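Student: Sequence:
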Amino acid sequence: MSKSRGKSQPFGGQAAGQKAVKPAEADELWSSPTAQRIIAAIAAVAVLAYLVLFFAQEVAPSAALSRWSLFFYLLTPDDLAKDWVEGSWRNFVLHDRWPLVLIAIVLSGVALVVGSGGLWMSCALRKTMFLDRYVLGLGIGLQLLSLLALLGGLLGTGFGILPFLIKLIVYFTCWFGMLWVLRRITKQPTLSRTGLQPPPFRILTENIARRTLLVKVVESLLIYVVAFLSVAIILGAMLPPWDFDVREYHLQVPKEWSHQEQIAFLPHNIYGNMPLGAEMHAYGAMQIIQPWSTPRYWWWGALTGKLMMALYGPLTALLLYCAGRRFWSSLAGLSAAVVYVSNPWVIHACVNGLNESAMGFYLMAALYAALLGGKGRPCAGLAGFFAGAAAAIKYTGMVFVAFPLGLLMIWYGARWVGRWHDPRSPQKLRWRPHAAIFLVMMLLSCGLWYGKNLAFTGNPVYPLMGSVFGGATRTPEKTARWNQAHRPPPYTIVEFAKSAASVGWKDQFQSPLMVPFTALGIVALVVTSRHRHAAAASTLHSALYTPHSLHVLTVSTILLLYFLAVWWLFTHRLERFLVPAIPLAALLAGAGVEFARGKPLRFVVAGLMVIGLTYNLLMAASPLV
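Anchor point for the sequence shown: position 366 equals 1463 in the working numbering, and the numbering is continuous, going up by one each time.
Honestly, the hints are just simulated from the structure, not real lab data. It should be emphasised that the depicted structure is a prediction, and the values quoted were computed from it without experimental measurement. Where is the CB? At the ideal position from N, CA and C, for every residue including glycine. Heads up, a few of these hints could be off.
What the hints assert, rightly or not - Here are the computed lysine-lysine pairs in the DSS-like style, where the Cα-Cα straight-line distance is at most 30 Å:
1) Lys1352 - Lys1575
2) Lys1603 - Lys1313
3) Lys1603 - Lys1179
4) Lys1224 - Lys1313
What the hints assert, rightly or not - Pairwise CB distance ranges, derived in the manner of DEER restraints:
5) Pro1573 - Gly1704: 55 to 63 Å
6) His1669 - Ser1626: 42 to 50 Å
7) Asp1180 - Phe1500: 19 to 27 Å
8) Arg1134 - Met1562: 53 to 61 Å
9) Ala1132 - Ser1626: 17 to 25 Å
10) Leu1191 - Ala1132: 51 to 59 Å
11) Arg1194 - Thr1572: 41 to 49 Å
12) Leu1191 - Leu1171: 35 to 43 Å
13) Ala1582 - Leu1171: 40 to 48 Å
14) Thr1711 - Leu1332: 16 to 24 Å
15) Pro1530 - Phe1667: 45 to 53 Å
16) Ser1626 - Pro1530: 42 to 50 Å
17) Phe1169 - Phe1325: 53 to 61 Å
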């Protein structure tokens, strides 16, 4: 009998004399310098083709010029500056906007103090770092002030500083009391499983991601870009509104409520009866201004609210930096922040007073809170509070944010008890209360809006689902017209291709950085998932190869794909509805930049970053945004 008969053969057989390639050898082959150069060359060709396609599109709908024409501003920068001031620098005045800045600082300061107290009451404080605490605390405080304004408006407690302070003290005393009770009854035991716990931050930054002088210079330049764009957003947000939606209900509804001195049902403005959590900052500003201002107090309050809504854009950029720095490196965090805040859609939404950037911030905040402690110890209460804040801004927040993160909490709550390798060990599935905590905090954050509609109209999601719940002023004819106007376009291959082209490169406010860098982040997910076992057995050369990083990339990718699928299947496919998903794409983009670090691919990434940022900066400075 031959000795080779007892040996196992590779699946599919092996030709005589042919040597099998081991997986480790195949990985080394792909990671060789020659293979990396070939990959970089292929990526450069693909990026170049995409940029040619992108810049060949019209710079604006029905415009005769392509996007290439924006680069002519580099030859005549004085023309670009004159567009900002309508041809004369005498039109550039800032001193008349100091009341807006002052009131915004007061509201932000109160929100930060109150939100820091809320963060201190949660289990997330010991898991956060210095900047995280300020960003998350401000996000908590802004939502609490929004709920305070809503509660005071429903009760009709009047205007002025004294009623405002009384409501503030009473509301937050009750709020912190509930948080303390909830924290005491939901203490979680320390888990033995740490595979998905985030690694120590100091180890990652000092031992894995070594910062060379060039990296430090690049990081400094990215910081300047984020700061410049944030200032530009703030300056643009202090201008009067000109967008139809903003003039008709985003700021019009707080004005009508302020004139009534009470939040009530508005039968003549159907959109005014939807959740308007971000718009409550305008209503609260009107309460503060009214005792000292002229009869146009509502005007200054509306502009202050518009400025407060614009702050969600820079806040999201800071949160992306915190997330990228915690999970990977400072360069990844800054890249994610720049990709986000330079996006023309983000700038357009912030400057015009639209609430999509606020919803995007709370989506990112909820995801970040869920990922702070890993699968074993998520900050479920904080994630639920932020998810409820997104649902308090728009109904779509319930579908795009609260529902998928609720499913994530259910998955986090499942824990198998027993040893898989021991057949004698019983396997039991135990549930931890993550989903219940998430649901309670979500309802505390958004339930007042849905309860208001239930009390005023009999329909908690008025005017949606009129055929099921009905609602005040709704008739079968009105419901049919509403459904007809808001139904999705046909589900055909042609429509899918049109949507893909619009999202990919045709849309007026699309960024040339978004699609390539997001795709690179997904590539990083695929590569790191393939190499995770080899990386675990060797010295980590990148934070991307940690189990928690793989978990972050997987969850972010699934959420982004879910967002796109729901947008195409269940909405009328306005590109503006995708703005809240941009933070997810930007986070993946930061991971993509970290993945290219130390490879020849970094030169392609650097070239794309320079070209894309130049275009985005010119777009932001032009009258097109």
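Student: Could you run down the list of hints and mark each one as holding or not?
Tutor: Going through the hints against the structure:
1. Lys1352 - Lys1575: Distance ~26 Å between Lys1352 and Lys1575 Cα, so the pair holds.
2. Lys1603 - Lys1313: 35 Å, violated
3. Lys1603 - Lys1179: The given pair, whose Cα atoms are some 28 Å apart, holds under the 30 Å limit.
4. Lys1224 - Lys1313: Measuring from Cα to Cα gives roughly 26 Å; hence the hint holds.
5. Pro1573 - Gly1704: 55 to 63 Å: Given a distance of about 58 Å, which is inside 55 to 63 Å, the answer is holds.
6. His1669 - Ser1626: 42 to 50 Å: 36 Å, violated
7. Asp1180 - Phe1500: 19 to 27 Å: 43 Å, violated
8. Arg1134 - Met1562: 53 to 61 Å: 57 Å, holds
9. Ala1132 - Ser1626: 17 to 25 Å: 19 Å, holds
10. Leu1191 - Ala1132: 51 to 59 Å: 55 Å, holds
11. Arg1194 - Thr1572: 41 to 49 Å: Hint holds: Cβ distance 45 Å, inside 41 to 49 Å.
12. Leu1191 - Leu1171: 35 to 43 Å: Hint violated: Cβ distance 27 Å, outside 35 to 43 Å.
13. Ala1582 - Leu1171: 40 to 48 Å: 43 Å, holds
14. Thr1711 - Leu1332: 16 to 24 Å: 20 Å, holds
15. Pro1530 - Phe1667: 45 to 53 Å: 30 Å, violated
16. Ser1626 - Pro1530: 42 to 50 Å: Distance hint for Ser1626, Pro1530 is violated at roughly 30 Å.
17. Phe1169 - Phe1325: 53 to 61 Å: Given about 21 Å between the Cβ atoms, the range is violated.
Hint compliance for this structure: hints 2, 6, 7, 12, 15, 16 and 17 are broken, all remaining hints hold.
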